[in-house]
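One line per chain: the protein sequences are A and B, in this order.
Each position in the first sequence, counted from 1, maps to that position plus 123 in the numbering used here.
Each position in the second sequence, counted from 1, maps to that position plus 123 in the numbering used here.
Treat the hints as calculated values from the structure; they're not laboratory data.
Among the hints, a few may not be true.
Identical copies carry no separate label here, and so any pair may be met within one copy or between two of them.
[Stated by the list, open to error] Calculated lysine to aspartate or glutamate pairs in the DMTMM-like style (CA-CA distance at most 20 Å, straight line):
1. K546 <-> E215
2. K253 <-> E329
3. K253 <-> D197
4. K363 <-> D167
5. K404 <-> E269
6. K404 <-> D262
7. K253 <-> E291
8. K363 <-> E493
9. K369 <-> D334
10. K148 <-> E493
11. K148 <-> D533
Protein chains: 2
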Amino acid sequence: MYADLETSALEALTARLERDFGAMKARGLSLNMARGKPAAEQLDLSMPMLSSVVDSASCAAESGLDCRNYGVLDGLPEAKRLMAVFLDDIPERVVVGGTSSLTLMYDALVRLCLFGTDGCAPWSSLDQVKWLCPVPGYDRHFAIAEALGFQMIPVALTDEGPDMDAVESLVRDDESVKGIWCVPQYANPSGTTYSDDTVRRLATMECAASDFRIIWDNAYGVHHLYGEPGRQSRVLDIGKACDQAKNPRRYLKFASTSKVTFPGAGLAALAAAPENLDEIKRHMGAATIGYDKLNQLRHVRFLEDARGVAEHMARHARILRPKFELVARKLEESLSDVGGCSWSTPQGGYFVSFDAPEGCASRIVELAAEAGVTMTGAGATWPYGRDPRDSNIRIAPTLPPLHELDEALDVFVCCVKLAYARKLLESRR
Amino acid sequence: MYADLETSALEALTARLERDFGAMKARGLSLNMARGKPAAEQLDLSMPMLSSVVDSASCAAESGLDCRNYGVLDGLPEAKRLMAVFLDDIPERVVVGGTSSLTLMYDALVRLCLFGTDGCAPWSSLDQVKWLCPVPGYDRHFAIAEALGFQMIPVALTDEGPDMDAVESLVRDDESVKGIWCVPQYANPSGTTYSDDTVRRLATMECAASDFRIIWDNAYGVHHLYGEPGRQSRVLDIGKACDQAKNPRRYLKFASTSKVTFPGAGLAALAAAPENLDEIKRHMGAATIGYDKLNQLRHVRFLEDARGVAEHMARHARILRPKFELVARKLEESLSDVGGCSWSTPQGGYFVSFDAPEGCASRIVELAAEAGVTMTGAGATWPYGRDPRDSNIRIAPTLPPLHELDEALDVFVCCVKLAYARKLLESRR
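The following block holds chain A by itself, in its conformation from the complex (with noise of 0.2 Å):
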């Protein structure tokens, strides 16, 4: 372990490490490890899909509508039957739109800052909106609570999901706190699963607020590395328990074929309660007549059903598996004896979360940069981007080809000795 090192042999070990690192630099790398894209290979298996609409016969929907024109404001109902697959509900509850789930995130604040709900003030009226932000969280998340100008509080996430105890004392007495962000399945960046015992207290807990709300991005509901776990496994349905607890407006689910299909042109969707629906859909319906169909049928038709979703699914799975395992092998093998760091081992999402050692993370970051590496920002995952530990990594090794992440993972476990050699040996000053 590093921090057990006399200060001379850190020192020499410091050199060289420094020797090691300018050997890297003057490699001249261009290598990408800081969004969680699919990579090309991953998109090439979604491309029978783009054939599957381009015929007038082939544009009609089952209930022979013609969908290359004006109408249907919430989705297809084959399509609303494929998406209810991803956000675990059943079709008459699900609201298939655009592209992007975080659009439809957005706006969904949006219409409860602008017009409330349920009788309650409009929250751009308060004073104050505070939100929950568990952490390490996704920077997109973080980034419409600020642009929406709520207040973020952060929440520790542990192994079973947001720090319930945190999340109850917050929420009983103060009515300014409206909201949570989770994804509760293979969270970004932690790869953290919601045990059923966190889904069961986010929906009974006693809320001040009750226009609260659970915003549950199950951006990865369906992307297991390792097969679909049995029905018993899966998350439990945050919709099922917040009925229960006679709470059914609580929850507003989401997800998207984004990561399944094509980044940026699959189908966005969400799944409320029959209250929270016929609000959405009223607002909406002043906004548009209605969402791409023909983009609805090209999926319904690739994708079919839950199990065309769980075997294409699985085709991902297959690509993504070896980087996944590559990650933990070399950050084990590379790591394991410097100490002070710690990392997940994702069984599904996009991610790995890496918790360097306190101080150094932007520094890791820094230094990756320098030998042409683009790791997210360090802070990213933290609200305003601030860690106040400056100590979380999210790496994704998605993009990258199999060669190029061993690459960049080489030079990414370099930038962390380098960085923590350094830092200890400042402190001994």
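Please arrange chain B on chain A, whose structure you already have, making use of the hints.
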């Protein structure tokens, strides 16, 4: 003219019209002249577009970018170039977003409500927001204003556009008047095209509200029935006019390919001054990573450029001209000796505006429905659905095949005559 008939003659006429109407009802028709939808024959024109993006090679943008993956917030450069044709602007001022220009307008107004602009208070924080609505106008524009709680003020639409004396007087001293809906070319439903003088006055008029916005919905900018007018005769560009008037932020331009390729599966876009664009993109960047670039590619490859768009729209016009000419001929032949009615003869767009004798519009639409012909609801062309004269009816002749349109117009004309004759008789009792 009906109004000149002796009462006994009017009674005989009414009895005959009742019999005609009864015979029409007995035919059990089911025809629709309600919404501005393209006919299936028009949709067929764009089918080749759907086959233009089918393999990984064809998913590459001009830059080489893989359009199947995340990225590009405001549109591919080539998509901006294409949509600039519809927006009569330069690509640098264009944002391509989603499939619905209605949504782009709604979102733009939502942002002004929630965030404000340029240091002005968010509109949601004001006691009142007033909005100018040229009448007759587009019901979905009015629905947006109503949803956002704006108080709508009708302004007469003259042959040259909105009554500018009225507009200028309304905006001069009242800071709560925040904007105006404009469909500058082939307005919905009258087909009116704004004169250069109207455009200049909109751009230069003195507004009490520094955040006054002209929502320039150029929905029918290329939808000519009789060939594209020469460059000189196009509607004057509101952007250039506002720039010259030193009111560069006053306008937001919108267009889509909904009635060019596929409604609901087309491209929507906006153009604005650089300061407004920066603001819009900043907000958009919180809501999405980017829109459907595969659909952008499809459109670019199919429509290509201004010449391609003009040729494609000429093909639409060949289908639409006989329908609009049938409407004009039928109304002229059947109603010129009835009196009390007037209607527009548009040179483009999707609608004919029909003014029935005062107090007759609702009855006409009801009678037509009884006889199996669905019209746009009476009053729909006015804010809150309230036409004070109960006179205006929007005729949408594009969707039905020619022979159905012919039948539907026979019914409509009969209903106009009967409603008018009944009304005259009632007034004499």
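Numbered hints the structure breaks, given as an ascending list: Of the numbered hints given earlier, those the structure breaks are 1, 3, 4, 8, listed in rising order.
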